Amino acid sequence: MFEYCTDPQELEGLTWLSCYLTTGVHFLFYWAFGKVLLLLAIAAPSALAFGFLGAMAARSLIAPLRWFGKAYISVVRGVPDVAFFLFFVIALDQFFEWTRHQVKCPDWDQPIRQGNDFLVCPAAKLPLNTAPEWQHETYGFLLAVLTFAIVFGAFAANVIFGAMKAVPRAQMETAEAYGMTRRQSFWRVMVPQMWVYALPGLSNTWMVLIKATPLLFLLGIEDIVYWARELGERRTARFSDYPHEDWRMWYFLALLIFYLGFTLLSETVLRRLQLRLSRGQATAAGEAQRKTAK
Amino acid sequence: MSCYETIADYAFRSLGFGERLLPRSDFTLCQHFVLIGSGLIWNIYFGTVALLTGFILAITMALGKASTQPWLRWPAEGFILLFRGTPFFIQCFFAYFVFLSLKGSYAFFDSFTAAWLGAVIVLFLNTAAYSGEIFYGALRSIPKGDIEAADAYGLHGWKRFRRITFPTMMRLGWPAYTNEAIFLFHTTTLVFFSGFPARQQAGDALYYASYFADKTFNPFVPYPILAFYFILLTLCIIGVYSLIGRRLNRHLPQETRAKFRFRPQLIR
Amino acid sequence: MLKSILSLGTAMALTAGAAFAESHAMTVRIGTEGAYEPYNFINDAGEIDGFEKELGDELCKRAELTCEWVKNDWDSIIPNLVSGNYDIIMAGMSITDERDEVIDFTQNYTPPSESSYVAASEDVDLEGGVIAAQTATIQAGHVAEGGATLLEFATPEETVAAVRNGEADAVFADKDYLVPVVEESSGELMFVGDDVPLGGGIGIGVRESDTELKEKLSAAIGTMKDDGTLNEMIVKWFGDQALTFE
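Residue numbers (the working numbering), protein chains in the order written: chain A, 1 to 294; chain B, 295 to 562; chain C, 563 to 808.
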């Protein structure tokens with residue numbers, strides 16, 4: 001990185017540290033923080049969408065759809081997220097490739113499962129074997145996002161399902177009295193109002209989501225935990241210009257601080273959002289705001 | 295080998311009893327079920343001990359956070375923030391390193407690097423922080439009238455706490471606390487997964503599930519079995535907690551009793 | 563949402579596929595762990611480096627393949643191979659019967675290796691003491707069968723750390739991995755007990771259905787054995803005392 005870094009053995013103290021912290025591996029480590037934030041930025045709205053669909057399914061009038069919605073919510077929530085992460089990515093990947101295989105290679109005569117091997121036609125590979133590495137990584141990343149969205153979508157569905165029920169009955173009855181159909185009253189009355197009831201639960205889901213990100217490495221993503229472990233390991237002079245003792249403790253301390261800061265930031269933002277959403281709502285918080293405004 | 299023999303050999307393998315060697319080849323479904331179930335003993339042990347001990351600290355933390363005295367409030371707030379704000383996965387890693395270095399200087403810490411003690415301590419602190427926050431929320435939402443009524447009857451200090459504040463706090467916080475218990479049991483799967491090493495191949499349910507996944511190279515059998523066990527466990531927790539919850543609410547008229555299903559308000 | 567993610571991935575794969583399909587005859591993706599010095603590791607620049615990296619690149623040149631390196635966690639390295647996420651494994655993986663049932667191996671590119679014990683003092687009890695090993699390795703299996711107490715860690719580095727901090731009496735691992743560890747420890751760590759031959763040497767893991775690729779790579783390894791370049795590479799990475807092919 002810096003010019004004086006050509007011979008790290010000669011350096012000491014802060015100069016050594018400045019070189020050490022700017023090696024190529026460290027930039028991969030810093031980039032991993034970006035990956036975690038990017039994943040959260042994509043996975044959170046996706047999980048919300050899954051949650052919304054799940055909640056709609058769970059209160060559907062069609063029985064099989066309702067059962068499916070309820071089963072999704074309770075099964076996914078009843079199982080530790082690690083258990084999902086350990087086989088979901090491979091399962092999803094095989095599912096997508098199998099689907100593409102059915103579409104793209106209808107006259108493929110060999111079996112897809114040969115013993116232990118899972119073989120689809122080359123054109124159905126996701127991404128294609130010849131694709132450059134960044135596409136493979138992006139695909140892996142999207143699979144991870146999807147897994148997160150499915151798992152945390154169940155949590156969000158549970159919250160939204162409860163929030164829909166919490167909308168005061170009188171509101172829905174009024175909507176009916178105005179002659180709205182079930183669909184109209186759902187979209188025009190229930191959905192706009194439920195968010196204030198859903199927000200505390202959704203905030204908690206967001207906190208759970210943040211704290212599940214250290215498990216990303218299980219999904220094949222080189223995340224901050226992966227690099228903290230890798231970088232913190234004791235290095236010998238034979239394979240590295242920057243030999244050091246076992247520094248994993250310090251790297252994990254850095255991760256702790258990162259998560260603590262991120263949680264604090266999230267809490268502040270969510271508290272403001274809650275205040276904003278309570279404005280004009282028929283709840284105790286909304287009432288309190290109305291009174292102070294007078 | 296019949297399934298009955300497998301049960302005899304491996305049912306308590308996770309505690310170090312029974313057959314010493316794990317199955318090496320020709321894995322049967324029965325072996326999957328028995329060994330993963332055997333590992334579940336550890337999850338139940340971790341979860342139960344941490345919940346029981348954590349409960350007391352949680353009450354202390356809730357009262358501390360609600361205190362008007364800054365020297366009581368700040369430590370409680372800091373403790374809750376520290377453990378709620380960071381992932382268990384990293385806490386576990388970190389605790390292991392801390393215990394290791396303590397062990398180097400003081401012989402007292404010798405057993406702390408073993409999962410049965412070290413991991414329980416981390417889980418205990420973890421659940422104390424989460425439950426502390428739940429009970430703090432419950433404490434703040436105790437109806438003003440209840441406290442005023444207690445004052446009117448001349449109840450003060452410890453007596454008022456024991457007879458009025460504490461039971462009401464429990465009653466209000468119970469649904470969220472049920473959720474916390476479920477999450478805690480799920481969290482216990484991470485113990486052997488990070489930080490704490492497994493000794494003599496005696497690990498928890500996830501340890502054996504990944505053992506099978508590793509030997510058969512097929513993740514699609516052991517992990518769903520693990521999921522099945524955890525759904526059962528979750529149902530049991532809900533059962534036990536709703537029994538206690540019903541007892542907490544027994545003085546209320548039938549209709550107003552809260553229903554103890556999986557509650558919408560999750561707290562983690 | 564599911565649909566849009568799906569189609570996004572599909573669209574990218576399609577456009578890129580068309581562009582690249584013709585320029586490369588055959589791309590082989592090599593899966594490795596990146597945490598097993600000197601076989602494979604991540605260097606200061608953040609790239610995969612090591613004996614297997616150099617060997618793999620040379621083999622690909624000889625077999626006229628375009629190769630791409632992929633990092634994967636050790637635990638899921640075989641499931642991801644059979645699932646088709648990469649085509650071969652070069653990750654210091656010893657040829658064992660267990661693994662041979664699920665995947666195939668080329669001929670070995672290191673001689674059947676020795677596994678050794680390393681401890682902090684001469685007088686440790688290898689029969690009844692606490693021995694650290696990496697989870698899911700042949701060494702872990704070996705210790706579990708014996709009388710010693712097995713302590714399992716996720717990475718090889720952690721197993722050595724366990725001996726340093728007194729958690730374990732000794733570590734049991736590939737000798738080639740332990741040699742630089744002992745050399746760099748300035749007398750703190752030492753080899754104890756007898757070496758144990760385990761496994762049939764290290765080979766390239768290939769899917770059972772990929773016979774053609776297996777033959778190609780085996781042939782390439784054969785030419786490297788014949789002209790002595792493989793032995794040179796072994797000596798370069800593992801030192802003069804390393805086992806070489808006759």
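Everything labelled a hint here was simulated from the structure, so no lab data went into it.
Hints may be right or wrong, so weigh each one.
Said to hold, decoys possible - Listed below are the simulated DMTMM-like cross-link pairs for lysine to aspartate or glutamate, each with C-alpha atoms no more than 20 Å apart in a straight line:
(1) C:Lys633 x A:Glu133
(2) B:Lys453 x B:Glu442
(3) B:Lys509 x C:Glu777
(4) B:Lys453 x B:Asp440
(5) B:Lys397 x A:Glu133
(6) C:Lys798 x A:Asp241
(7) B:Lys509 x C:Asp637
(8) A:Lys35 x C:Asp635
(9) B:Lys509 x C:Asp659
Remember, it's a predicted structure, so these values are computed and weren't measured experimentally.
Status of the hints after comparison with the structure:
Of the pairs offered as hints, the one joining Lys633 (chain C) and Glu133 (chain A) holds, with about 11 Å between alpha carbons and a cut-off of 20 Å not exceeded. For the given pair, Lys453 (chain B) sits about 14 Å from Glu442 (chain B) by alpha-carbon distance, which is consistent with the 20 Å threshold. Between Lys509 (chain B) and Glu777 (chain C) the alpha-carbon distance is near 26 Å, which puts this suggested pair outside the 20 Å criterion. Taken as a hint, the Lys453 (chain B) and Asp440 (chain B) pair is honoured in the structure, with Cα atoms around 14 Å apart against an allowance of 20 Å.
Simply put, Lys397 (chain B) and Glu133 (chain A) have alpha-carbon atoms about 45 Å apart, too far for the 20 Å limit, and the pair is violated. Restraint check for Lys798 (chain C) and Asp241 (chain A): the C-alpha separation of about 18 Å stays at or below 20 Å, so the hint holds. Of the pairs offered as hints, the one joining Lys509 (chain B) and Asp637 (chain C) holds, with about 10 Å between alpha carbons and a cut-off of 20 Å not exceeded. Straight-line distance between C-alpha atoms of Lys35 (chain A) and Asp635 (chain C) comes to about 18 Å, which keeps the hinted pair within the 20 Å bound.
A distance of roughly 11 Å separates the Cα atoms of Lys509 (chain B) and Asp659 (chain C); the hinted pair therefore holds under the 20 Å criterion.
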